[in-house]
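Asks: Sequence:
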Amino acid sequence: MNISVNNKTLSDVLVLPIDGLSANAQEIIREVSEVYQCSRDIVLAAMFSAVGVAVGKKIRISDSKYFNYPCLWACAVAPSGSNKSTPVRFILQPLKDRDANEYKAYREELKVFKDSKDEHKERPIFRQLLLSDSTPEARNQVLSTSHNGILLYRDEIKGFLDDIGRYNKSGEVSQLLSVFDSDNIVINRKSDDTLLVEEPFMGVLGTIQPDVLADTFGNDLLMNNGFNQRWLFVYPDENPSAMYSEKSISKEVREAWSSYINALLDADFKAGGCDTVYIIDEAKRLYIEYYNELQVKKQSTDDSYMCAVYSKLQIIVERWALITHLLGDNTGMSCRY
Numbered sequence: 002m003n004i005s006v007n008n009k010t011l012s013d014v015l016v017l018p019i020d021g022l023s024a025n026a027q028e029i030i031r032e033v034s035e036v037y038q039c040s041r042d043i044v045l046a047a048m049f050s051a052v053g054v055a056v057g058k059k060i061r062i063s064d065s066k067y068f069n070y071p072c073l074w075a076c077a078v079a080p081s082g083s084n085k086s087t088p089v090r091f092i093l094q095p096l097k098d099r100d101a102n103e104y105k106a107y108r109e110e111l112k113v114f115k116d117s118k119d120e121h122k123e124r125p126i127f128r129q130l131l132l133s134d135s136t137p138e139a140r141n142q143v144l145s146t147s148h149n150g151i152l153l154y155r156d157e158i159k160g161f162l163d164d165i166g167r168y169n170k171s172g173e174v175s176q177l178l179s180v181f182d183s184d185n186i187v188i189n190r191k192s193d194d195t196l197l198v199e200e201p202f203m204g205v206l207g208t209i210q211p212d213v214l215a216d217t218f219g220n221d222l223l224m225n226n227g228f229n230q231r232w233l234f235v236y237p238d239e240n241p242s243a244m245y246s247e248k249s250i251s252k253e254v255r256e257a258w259s260s261y262i263n264a265l266l267d268a269d270f271k272a273g274g275c276d277t278v279y280i281i282d283e284a285k286r287l288y289i290e291y292y293n294e295l296q297v298k299k300q301s302t303d304d305s306y307m308c309a310v311y312s313k314l315q316i317i318v319e320r321w322a323l324i325t326h327l328l329g330d331n332t333g334m335s336c337r338y
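In this note's numbering, the protein residues as written are 2 to 338.
To be clear, the hints were calculated from the coordinates, so they are not data collected in a lab. Backbone N, C-alpha and C define an ideal beta-carbon position, used for all residues, glycine too. Mixed in with the good hints, there may be bad ones.
Label pairs and their calculated CB-CB ranges [as the list claims (entries may be wrong)]: (1) S246 with K66: 21 to 31 angstroms; (2) S246 with I281: 42 to 52 angstroms; (3) M307 with N220: 47 to 57 angstroms; (4) S63 with F234: 20 to 30 angstroms; (5) Q210 with K122: 45 to 55 angstroms.
Pairs of lysine-lysine, DSBU-like flavour, derived with a Cα cap of 35 angstroms [to be verified]: (6) K313 with K298; (7) K115 with K105; (8) K252 with K66.
Given these sequences and hints, build the entire structure.
Replies: Laid out in structure tokens, this is it:
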């Protein structure tokens, strides 16, 4: 049965809108979705995650009371075989390419360091953008050396969640909650020096199958402390079967997307006086309206889980708005305002 809302079927209504993005951004989303025969929403979630880490802590958004970096935790939910992983990998490719180039430079610097006789010379650091499989200790080490931010990407996010608490049981979830909120974390270990991670930025992106969603996110460790409520779940209503096709992403789209991400990685917003985007005028009115609607929902429910969801949405919507702003430059895929 098709439910109609304003002459549109419900499946049409429940699709993330892209009309506020630039013409080039919309073209990239449509082409990736068409070529890989996947839901547009999955492409959009990956794009927002990639843009978020590309700008990282170089820019923030404020409603004049609070500040937020564009850090998102996003999970695409779709059945096996629905082609959810390939489009995500395409969107993340510019970040992978940058990591590969940075690693090559790091190896060369490391060789020079090892050959050097200078005892005061500092050991080079590989400042990566993408993280996949790591222990909490290794993850914290990467965060401590990242000036801007990282994106933890696991194709099957279940692996990341199942590992929580596996290596040590001394508050990993609490650390992750602090990371989402960009609160400083201090790690004290007997065998190592104290490690301070200032304003950590770690986006998280992954995919999961519907039949393991409840068991993975539904355990008590993640349900009752605000962890799950920090996530955005992208669960398309329709997942068309990906038939064989020889169509591929055009060179123009590949180059446009790669150039845009690299421009964001190289941009220095603060030097141009654009380190903070403020919510003002009509946008502020809409934000206040949405914020208050969520407040009313919190007051009218006895469900503590949903109450926490509403609270986190008040934060997440600002982060989503900042990334939308970055992608909304109608002069083209650039990082200009």
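Asks: All hints, please: hold or fail.
Replies: We went through each hint and held it up to the structure:
Under the hint 21 to 31 angstroms, the C-beta atoms of S246 and K66, about 49 angstroms apart, miss the expected range. Separation of S246 from I281 is about 45 angstroms and conforms to the stated range, judged on CB atoms against 42 to 52 angstroms. Evaluation of the 47 to 57 angstroms hint for M307 and N220 yields a failure: the beta carbon distance comes to about 18 angstroms. For the pair S63 and F234, the beta carbons lie near 27 angstroms from each other, so the given range of 20 to 30 angstroms is met.
Restraint check, Q210 to K122: a C-beta distance of roughly 49 angstroms satisfies the suggested window 45 to 55 angstroms. A hinted pair counts as satisfied when its Cα atoms are at most 35 angstroms apart, and K313 with K298 qualifies at roughly 13 angstroms. For the proposed pair K115 and K105, the alpha carbon gap of about 16 angstroms is at most 35 angstroms, so the pair holds. With a C-alpha separation of about 44 angstroms, the suggested pair K252 and K66 falls outside the 35 angstroms cut-off, and the hint is violated.
Hints 1, 3 and 8, counting from the list given before, are not met by this structure.
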